[in-house]
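Colleague: One-letter residues, chain by chain:
There are 2 protein chains.
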Amino acid sequence: MKISIAQLNYHIGNFEYNKSLICSSIHKAKAEGAELIVFSELSISGYPPLDLLDRYDFIERCSRTVNEIAIECRGITAIVGSPVINKNPEGKKLFNSALVLSEGKVIFSANKALLPTYDIFDEYRYFEPERNFNIFTLNGKKLAITICEDLWDEQLFDNKFEKTRLYTVSPMEELNAQKPDIVINIAASPFSYTKTESRENIFRGKAKKYALPVISVNQTGASTELLFDGASVIVDSKGNIYHKLPYFEEAVFTFDTEKLSSEPATSNKKTDPVELIHKGLVLGIRDYFRKSGLKSAILGLSGGIDSAVCLCLAAEALGNENVRSLLMPSRYSSEHSVKDAVELASRLNTRYDVISIEKPFSAFEEDLAPLFAGRERDVTEENIQARVRAVLLMAVSNKFGNILLNTSNKSEAAVGYGTLYGDMAGGLSVIGDVYKTDIYRLAEHINRNEEIIPENIITKLPSAELRPDQLDSDSLPDYRILDNILYQYIELQKPPEQIIEDGADADTVRKVIRMINFNEYKRYQAPPILRISSKAFGAGRRLPIVARY
Amino acid sequence: MKISIAQLNYHIGNFEYNKSLICSSIHKAKAEGAELIVFSELSISGYPPLDLLDRYDFIERCSRTVNEIAIECRGITAIVGSPVINKNPEGKKLFNSALVLSEGKVIFSANKALLPTYDIFDEYRYFEPERNFNIFTLNGKKLAITICEDLWDEQLFDNKFEKTRLYTVSPMEELNAQKPDIVINIAASPFSYTKTESRENIFRGKAKKYALPVISVNQTGASTELLFDGASVIVDSKGNIYHKLPYFEEAVFTFDTEKLSSEPATSNKKTDPVELIHKGLVLGIRDYFRKSGLKSAILGLSGGIDSAVCLCLAAEALGNENVRSLLMPSRYSSEHSVKDAVELASRLNTRYDVISIEKPFSAFEEDLAPLFAGRERDVTEENIQARVRAVLLMAVSNKFGNILLNTSNKSEAAVGYGTLYGDMAGGLSVIGDVYKTDIYRLAEHINRNEEIIPENIITKLPSAELRPDQLDSDSLPDYRILDNILYQYIELQKPPEQIIEDGADADTVRKVIRMINFNEYKRYQAPPILRISSKAFGAGRRLPIVARY
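From first to last, the protein sequence lines are chains A and B. According to our numbering, the first sequence is numbered sequentially starting from 6. According to our numbering, the second sequence is numbered sequentially starting from 6.
One copy or two, either will do: identical chains are not told apart, so a pair holds if it fits within one copy or between any two.
The list that follows gives simulated cross-link-like pairs (lysine-lysine, BS3-like), each with its CA atoms no further than 27 angstroms apart:
no. : residue 1 : residue 2
1   : 404       : 364
2   : 24        : 516
3   : 92        : 168
4   : 300       : 516
5   : 92        : 165
6   : 516       : 404
Hints listed in this document are in silico derivations from the structure and should not be mistaken for laboratory results.
Let the sequences and hints guide you as you build the complete structure.
Modeller: The structure is reproduced here in C-alpha cells:
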C-alpha cells in the first residue's frame with residue numbers, strides 16, 4: 006500500500022491555516038499515488054490546545070473543519086487528529102481521536118487510551134481514555150491506529166522514582182490480538198535533547214516485539230515554549246529504520262509498505278544534540294513571532310555570552326534586519342563590554358543603539374536617598390540598574406513594536422541570579438532551558454564555520470557588572486559544579502543525599518538546593534522558556550511557592 | 006462513638022509544623038474522650054504539594070512523619086491524609102491515601118479513587134486511582150472512608166459543556182454495598198464564593214441518598230494563591246447539617262455520633278459572599294507572609310479604589326505597623342489622588358512616603374528622545390510611568406524586605422489594562438480574582454461600621470492618570486457591562502454567540518474577547534492571584550499564548 010506521512014507545523018486554533026496545510030498535503034499525496042495520508046495528533050486544532058478544549062465553540066470549530074477536510078478526500082483516505090465529543094453519559098467530555106476520512110465522511114475513529122499527565126502533559130484534564138480497541142481495514146490492509154502515548158506504555162523516565170509502566174493497559178497488546186498488518190502512530194511529541202534516541206527506540210521496540218512495521222507521524226514547529234522536532238520515523242517489521250523525516254522541518258513523504266524491508270531509504274546518522282538545540286531554538290523564536298503575527302525583536306546586549314548567543318539565534322530566526330539591540334552601559338561596565346557588543350552587532354549587521362543608564366539610575370538614587378539614608382548599598386542598587394535597563398528596552402519595544410527577548414540562562418534562573426522586572430523581563434526566554442556550560446557549546450557551534458561571536462565574549466569571566474569588579478563566581482559555585490548539581494536535582498530529581506553520595510560537595514549541594522527552592526517565586530513570573538530538556542522551568546515543572554522544603 | 010474532627014491550617018513540606026499541629030489535636034481530642042480523630046486530605050504534606058510529589062525524598066519524609074504520629078495515637082485512633090507509594094508494578098507511583106493510625110501503627114488505608122484533574126487540580130499527574138473499596142470497622146462501627154472528590158462523582162460545573170458525571174466509578178455505590186454506618190470524607194477543597202452551598206449540598210445529598218451520616222473534614226488556610234475555607238460539616242443521616250465548623254479558621258470539634266439526629270448543634274445561617282471573600286483575602290495575605298517567613302508588605306497607593314482596598318486588607322492581615330505604602334504622583338496626577346491616599350493611610354495608621362516620579366520619568370524621556378525623535382507620544386510614555394513606580398516600589402522592597410503587593414483587579418487583568426513590569430508587578434496579587442464591580446462591594450463591606458476608605462476614593466471615576474484627563478472609560482466599556490461579559494466568558498465559558506444571544510452587545514462582546522485572548526502573554530507573567538472564584542487567572546486556567554482564537 007502506498008502511504009504518505011505529513012509532518013507539518015500547525016497553529017493552535019488557526020483552523021483555516023491548519024486546514025489549508027492539510028488539504029494541500031492531501032492533494033500532493035494523491036498526485037504521488039498514495040492511498041492513505043497520515044497527519045499527526047490533534048492536527049486539526051494544533052497541539053497543545055490546553056483549556057481551549059474546555060470551550061464548546063472551539064470543539065465545534067474542530068468538528069466543522071474535519072468535515073470540510075473530509076470533502077477533500079476523494080480517491081484518497083486521510084487520518085487526522087482531532088478532539089471529538091464523548092457521547093457517553095459518564096467520563097470526561099472529549100476523546101483525543103484519530104479520524105479516518107474518506108469520500109466526504111468520517112468512516113472510522115480510534116481514541117487515545119493512554120493519556121500522559123506528567124511534565125508538560127495534561128491530557129487527562131480534557132480527555133476520557135478509550136477502553137475498547139479496534140482495527141481499521143483499508144484496501145485489505147489491517148491498520149492498528151494508535152495515538153502517541155498509546156505506544157509508550159513502557160518507558161524510562163529521567164526521574165528514577167517514576168515507574169516504567171505508568172499505565173495498567175497496553176493498547177498494542179489489545180490491538181495485536183486482532184492481527185494487524187501495520188501500526189500507525191500519530192503523535193505530538195515534544196523535543197528534548199536527551200530523548201531523541203529513546204523515542205526511536207520505542208518505535209523500533211514495538212516493531213520488533215510485534216513483527217509489524219510502525220509508521221509514526223509527529224508534528225514539527227513551536228507552540229509558545231514547546232518545540233516539536235518532527236523526526237517522524239518509518240520502521241520495518243524487524244525494527245530497522247527505513248526512513249526518518251528531518252528534524253524541525255515540514256515534510257511530506259510517500260512510500261510503499263511493500264518495500265519497507267528491502268531498501269532502507271535513509272542512513273540513520275547520529276545527530277549532535279547541540280546542533281538540534283540550535284535548530285530548535287531558532288525555530289522556537291521564529292514560530293513565536295510568525296504565529297503571533299509579530300516581526301521584530303529587541304534585546305539587551307551586554308557584551309556577555311548569553312545575550313550574544315541570543316542575538317545570533319534571533320538574527321538567524323527573524324533576519325538581521327528584524328533584530329535590534331540596546332547597549333546600556335553603567336558606571337560599572339567594563340570597557341570591553343560595549344566594544345565586544347558593538348563588534349558582534351556589527352558582524353551580524355544588526356542595528357544597535359547605545360544608551361547609558363546613568364541618568365535614570367542617578368535620578369532613582371536621588372529620589373530614594375532620603376528613604377535610604379544611613380543604609381549601606383546592597384543588592385537594591387544592583388537591581389535598580391537591571392530594572393532601568395528593562396524600562397528602556399520595554400520603552401523601545403512599546404514604541405516600535407519589537408518584542409523583548411529574554412536572555413537569561415537556566416543556571417541563573419535555577420538559583421535566582423537575576424532581577425525580577427529587570428533582566429528577567431521579556432516576551433520569550435530564548436535560552437532559559439540551557440545551562441551556562443551548554444551556552445558555551447552553543448556559542449562554539451555558532452562559531453563552527455567562522456568567528457561570529459568575538460572570542461573575547463566567550464573567554465571573559467562571567468559578570469553581571471552591577472558593582473565594581475563583580476564576578477558571577479563571587480556569588481555562585483563554578484558553573485561546571487553548579488550545572489552538575491542542578492541537572493541532578495532538576496532533571497533527574499535525585500534526593501540531595503544521593504547527589505552528595507554521587508560525589509558533589511555536601512555544603513554546596515545544600516546551598517544550591519536552598520537557592521533553587523527559595524526562588525520559585527521569581528520563576529513564577531518568568532516569561533515562557535523555549536524547552537529543550539526533559540525538565541524545563543515553566544508549565545512542566547509545578548512547585549508551590551509558599552512551602553518549606 | 007465519639008469523634009473529633011480537626012480543621013487545621015497546614016504548611017506544605019513543613020513536616021515538623023504539620024506534625025505538631027496534628028499531635029496537639031490528637032491530645033486535645035483524647036482529653037475530650039474521642040475514640041477517633043479525623044484530619045484532612047494530605048494533612049501530612051500539606052495540600053497541594055504539586056511536583057514535590059515527584060521527589061522520593063519528599064515521600065520518604067511523609068512516611069516517616071506518619072510513623073512518628075502513629076506513635077502518638079495511644080488510646081485513640083486517627084485518620085490522616087498522606088501520599089503513599091503504589092507498590093504495584095504498573096500505574097502512577099503514588100496513592101492519595103487516608104491512613105488509619107492506632108497504637109503506633111498504620112492499621113488501615115483507603116486510597117482516593119476519583120482524582121480531580123480540572124481547574125487547579127492535577128491529581129492524576131501523581132496518583133493512581135484506587136479500584137478496590139473496603140470498609141474499616143472501629144469499635145463496632147463500620148466506616149466508609151472517602152477522600153474529597155470520591156463523593157463528587159456527580160456535580161454541576163459552571164461550564165455547561167462539562168459532564169455532571171466526570172467519572173465512570175461511584176465510590177459510595179461500591180462502599181454502600183458493604184453496609185457502612187458512617188461516611189467520612191477527608192478533603193482539601195478550595196474556596197470559591199459561588200461554591201460554598203453546592204459543596205454542602207454534595208454532602209447532604211449523599212447522606213440522604215444512603216441514609217448515613219456524613220462527616221467531612223476540610224483544611225483551612227492558604228497555600229500561595231489557593232484559599233481553603235474549612236467549613237467542615239457534619240450531616241446527619243437525613244441530610245440535615247448537625248454542625249458546621251467556621252470559615253477560614255482552625256477548629257477541633259468533638260461530638261457523639263449517637264446524638265447527631267436529636268439535636269442540631271448549629272443553625273446554618275446563610276453566609277454573605279462578600280464577607281467570605283473579605284475573610285479569605287485577609288487570610289490569603291496573612292498565610293503568604295507567615296508561611297514564607299515574611300513580615301511586612303509595601304504597595305503603591307494611587308488614590309484609587311483598588312489600592313485602597315488592598316491597603317485595608319493588608320493592614321488587617323499583617324498589622325498596620327507592617328504595611329507601608331508609596332504615593333508616587335506624576336505630572337498627570339490629580340490633586341485629590343495624593344490627598345485621598347494620605348487620608349486613607351493616616352486613618353489606618355500605616356506608614357506612607359511620597360516620591361514624585363518626575364525625575365526618573367524625565368531622565369528616561371531625555372535618554373530616549375534621540376531614538377523617539379519624530380514619533381508621537383503614545384502608550385509607551387504611560388508604561389514608562391507605571392514602570393518607574395515599580396522600580397521605586399521594588400527598591401524599597403529590596404532595601405527593607407517589604408514584599409510588594411500587587412493591586413490589579415480581575416477586570417484589568419482580563420483585558421490587559423495594565424503594564425507588565427509596572428503596575429502588574431508584585432509578589433502576590435491580592436484582588437486579581439475580584440472584578441472591578443465587586444471591588445466596590447468589598448469597599449462597602451470594609452466601610453460597613455465606619456468610613457475607613459474615604460468616600461471620594463469610592464465615588465471618583467476610575468482613572469490610571471497616565472495622561473491628562475485620562476479615564477478608564479476612554480478605553481474600556483462601563484465596568485458593569487465589561488464584568489458581565491467577562492464573567493460569562495471566563496467563569497461560565499459560554500460561547501461568544503451565546504453571550505450575545507443572552508443580551509450583550511455583539512461588537513462589545515467580540516472586542517472584549519479579543520482583548521482577553523490577546524493578553525494571555527501578560528497574564529503569564531503576573532504574580533500568583535488569591536483565588537476566590539471558580540475560574541481565576543493562574544494555575545487553574547491554562548491557555549496557549551501563541552494561538553489564534
